[in-house]
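Chain order of the listed sequences is L and D. Numbering-wise (our numbering), the first sequence opens with residue 1 and increments by one. Numbering-wise (our numbering), the second sequence opens with residue 111 and increments by one.
It should be emphasised that the hints constitute simulated quantities derived from the structure, not laboratory data. Among the clues, some could well be false.
Here are the simulated DSS-like cross-link-like pairs (lysine-lysine), alpha carbons at most 30 Å apart as the crow flies [stated by the list, open to error]:
| # | chain 1 | residue 1 | chain 2 | residue 2 |
| --- | --- | --- | --- | --- |
| 1 | D | LYS119 | L | LYS102 |
| 2 | D | LYS119 | L | LYS69 |
| 3 | L | LYS102 | D | LYS193 |
| 4 | D | LYS119 | D | LYS193 |
| 5 | L | LYS102 | L | LYS3 |
| 6 | L | LYS105 | L | LYS52 |
| 7 | D | LYS167 | D | LYS181 |
| 8 | L | LYS102 | L | LYS52 |
| 9 | L | LYS69 | L | LYS3 |
| 10 | L | LYS69 | L | LYS102 |
| 11 | D | LYS119 | D | LYS181 |
| 12 | L | LYS102 | D | LYS167 |
| 13 | D | LYS124 | D | LYS193 |
| 14 | D | LYS180 | D | LYS167 |
| 15 | L | LYS52 | L | LYS3 |
| 16 | D | LYS180 | L | LYS97 |
| 17 | L | LYS3 | D | LYS167 |
| 18 | D | LYS167 | D | LYS124 |
| 19 | D | LYS119 | D | LYS167 |
| 20 | D | LYS119 | D | LYS180 |
| 21 | D | LYS167 | L | LYS97 |
| 22 | D | LYS180 | D | LYS193 |
| 23 | L | LYS3 | L | LYS105 |
| 24 | L | LYS97 | L | LYS52 |
| 25 | L | LYS52 | L | LYS69 |
| 26 | D | LYS193 | L | LYS3 |
| 27 | D | LYS119 | L | LYS97 |
| 28 | L | LYS105 | L | LYS69 |
| 29 | L | LYS105 | D | LYS119 |
| 30 | L | LYS3 | L | LYS97 |
| 31 | D | LYS193 | D | LYS167 |
| 32 | L | LYS69 | L | LYS97 |
| 33 | L | LYS97 | D | LYS181 |
Covered by chain L, per the in silico footprint, the following chain D stretches (three or more residues, Cβ under 8 Å) [to be verified]:
| # | segment |
| --- | --- |
| 34 | 139-150 |
| 35 | 176-187 |
| 36 | 207-216 |
Glycine is no exception: its CB is placed at the ideal position from the N, C-alpha and C atoms.
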Amino acid sequence: DAKTTQPPSMDCAEGRAANLPCNHSTISGNEYVYWYRQIHSQGPQYIIHGLKNNETNEMASLIITEDRKSSTLILPHATLRDTAVYYCIAYQGGSEKLVFGKGMKLTVNP
Amino acid sequence: DGGITQSPKYLFRKEGQNVTLSCEQNLNHDAMYWYRQDPGQGLRLIYYSQIVNDFQKGDIAEGYSVSREKKESFPLTVTSAQKNPTAFYLCASSPRGGVRYTFGSGTRLTVV
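Could you put the whole structure together from the sequences, leaning on the hints where they help?
Written out as structure tokens, the structure is:
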């Protein structure tokens with residue numbers, strides 16, 4: 001699976017959109033981009049995933065660049081409960097398991 | 111409600127003792143996983159199982175053992191051979207072939 005790179009942390013004001021970047025310059029054509037988040041002392045929670053088209057669900061939107069070398073997770077109206085560590089993972093079907101890096105700590109401030 | 115249950119939430123053991131962490135799911139998922147998390151670190155895979163009576167080592171399997179006798183259950187034993195067992199342990203499950211994991215709430219193990 002391709003390696004992903006995220007900044008270690010970022011801050012966002014409550015009510016504003018949070019745009020979380022992820023670089024995956026070595027991603028292959030059949031690797032998906034998955035996003036999970038982990039609120040302190042809890043198990044990670046699935047957010048969204050995509051291959052090459054932009055995706056949206058009730059939690060977030062995922063924007064993948066045309067060359068697929070990077071993506072952005074968008075939380076449209078961040079709340080204090082969105083404070084968590086966010087993991088961006090490149091996954092190739094068939095490997096049967098996810099590899100979690102250190103992720104990125106998002107702090108939503110009042 | 112379907113979900114995945116880990117117990118206990120906190121566990122204290124003396125050095126040199128084996129300890130078993132419980133993980134039960136009622137999601138009818140075929141695959142189950144154990145991860146370990148140390149402070150400020152990501153998750154590292156210990157063992158995983160795609161089907162009953164079969165499991166594979168992950169990246170840090172030394173000092174751990176598992177069994178998968180039932181689809182619903184995937185207990186993890188931390189043996190005395192694990193040199194630094196104090197950590198946060200997370201269990202997850204998913205449909206076979208998929209990686210939309212559902213995680214449990216974790217067990218925090220402290221060895222004194």
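A quick look at each hint next to the structure:
{"no.": "1", "hint": "D:LYS119 - L:LYS102", "result": "holds, 23 Å"}
{"no.": "2", "hint": "D:LYS119 - L:LYS69", "result": "violated, 39 Å"}
{"no.": "3", "hint": "L:LYS102 - D:LYS193", "result": "holds, 22 Å"}
{"no.": "4", "hint": "D:LYS119 - D:LYS193", "result": "holds, 22 Å"}
{"no.": "5", "hint": "L:LYS102 - L:LYS3", "result": "holds, 12 Å"}
{"no.": "6", "hint": "L:LYS105 - L:LYS52", "result": "holds, 25 Å"}
{"no.": "7", "hint": "D:LYS167 - D:LYS181", "result": "holds, 18 Å"}
{"no.": "8", "hint": "L:LYS102 - L:LYS52", "result": "holds, 24 Å"}
{"no.": "9", "hint": "L:LYS69 - L:LYS3", "result": "holds, 11 Å"}
{"no.": "10", "hint": "L:LYS69 - L:LYS102", "result": "holds, 19 Å"}
{"no.": "11", "hint": "D:LYS119 - D:LYS181", "result": "holds, 22 Å"}
{"no.": "12", "hint": "L:LYS102 - D:LYS167", "result": "holds, 21 Å"}
{"no.": "13", "hint": "D:LYS124 - D:LYS193", "result": "holds, 13 Å"}
{"no.": "14", "hint": "D:LYS180 - D:LYS167", "result": "holds, 18 Å"}
{"no.": "15", "hint": "L:LYS52 - L:LYS3", "result": "holds, 17 Å"}
{"no.": "16", "hint": "D:LYS180 - L:LYS97", "result": "holds, 20 Å"}
{"no.": "17", "hint": "L:LYS3 - D:LYS167", "result": "holds, 21 Å"}
{"no.": "18", "hint": "D:LYS167 - D:LYS124", "result": "holds, 26 Å"}
{"no.": "19", "hint": "D:LYS119 - D:LYS167", "result": "holds, 24 Å"}
{"no.": "20", "hint": "D:LYS119 - D:LYS180", "result": "holds, 22 Å"}
{"no.": "21", "hint": "D:LYS167 - L:LYS97", "result": "holds, 11 Å"}
{"no.": "22", "hint": "D:LYS180 - D:LYS193", "result": "holds, 29 Å"}
{"no.": "23", "hint": "L:LYS3 - L:LYS105", "result": "holds, 18 Å"}
{"no.": "24", "hint": "L:LYS97 - L:LYS52", "result": "holds, 21 Å"}
{"no.": "25", "hint": "L:LYS52 - L:LYS69", "result": "holds, 10 Å"}
{"no.": "26", "hint": "D:LYS193 - L:LYS3", "result": "holds, 29 Å"}
{"no.": "27", "hint": "D:LYS119 - L:LYS97", "result": "holds, 24 Å"}
{"no.": "28", "hint": "L:LYS105 - L:LYS69", "result": "holds, 21 Å"}
{"no.": "29", "hint": "L:LYS105 - D:LYS119", "result": "holds, 24 Å"}
{"no.": "30", "hint": "L:LYS3 - L:LYS97", "result": "holds, 14 Å"}
{"no.": "31", "hint": "D:LYS193 - D:LYS167", "result": "holds, 17 Å"}
{"no.": "32", "hint": "L:LYS69 - L:LYS97", "result": "holds, 22 Å"}
{"no.": "33", "hint": "L:LYS97 - D:LYS181", "result": "holds, 18 Å"}
{"no.": "34", "hint": "139-150", "result": "holds (count 4)"}
{"no.": "35", "hint": "176-187", "result": "violated (count 0)"}
{"no.": "36", "hint": "207-216", "result": "holds (count 9)"}
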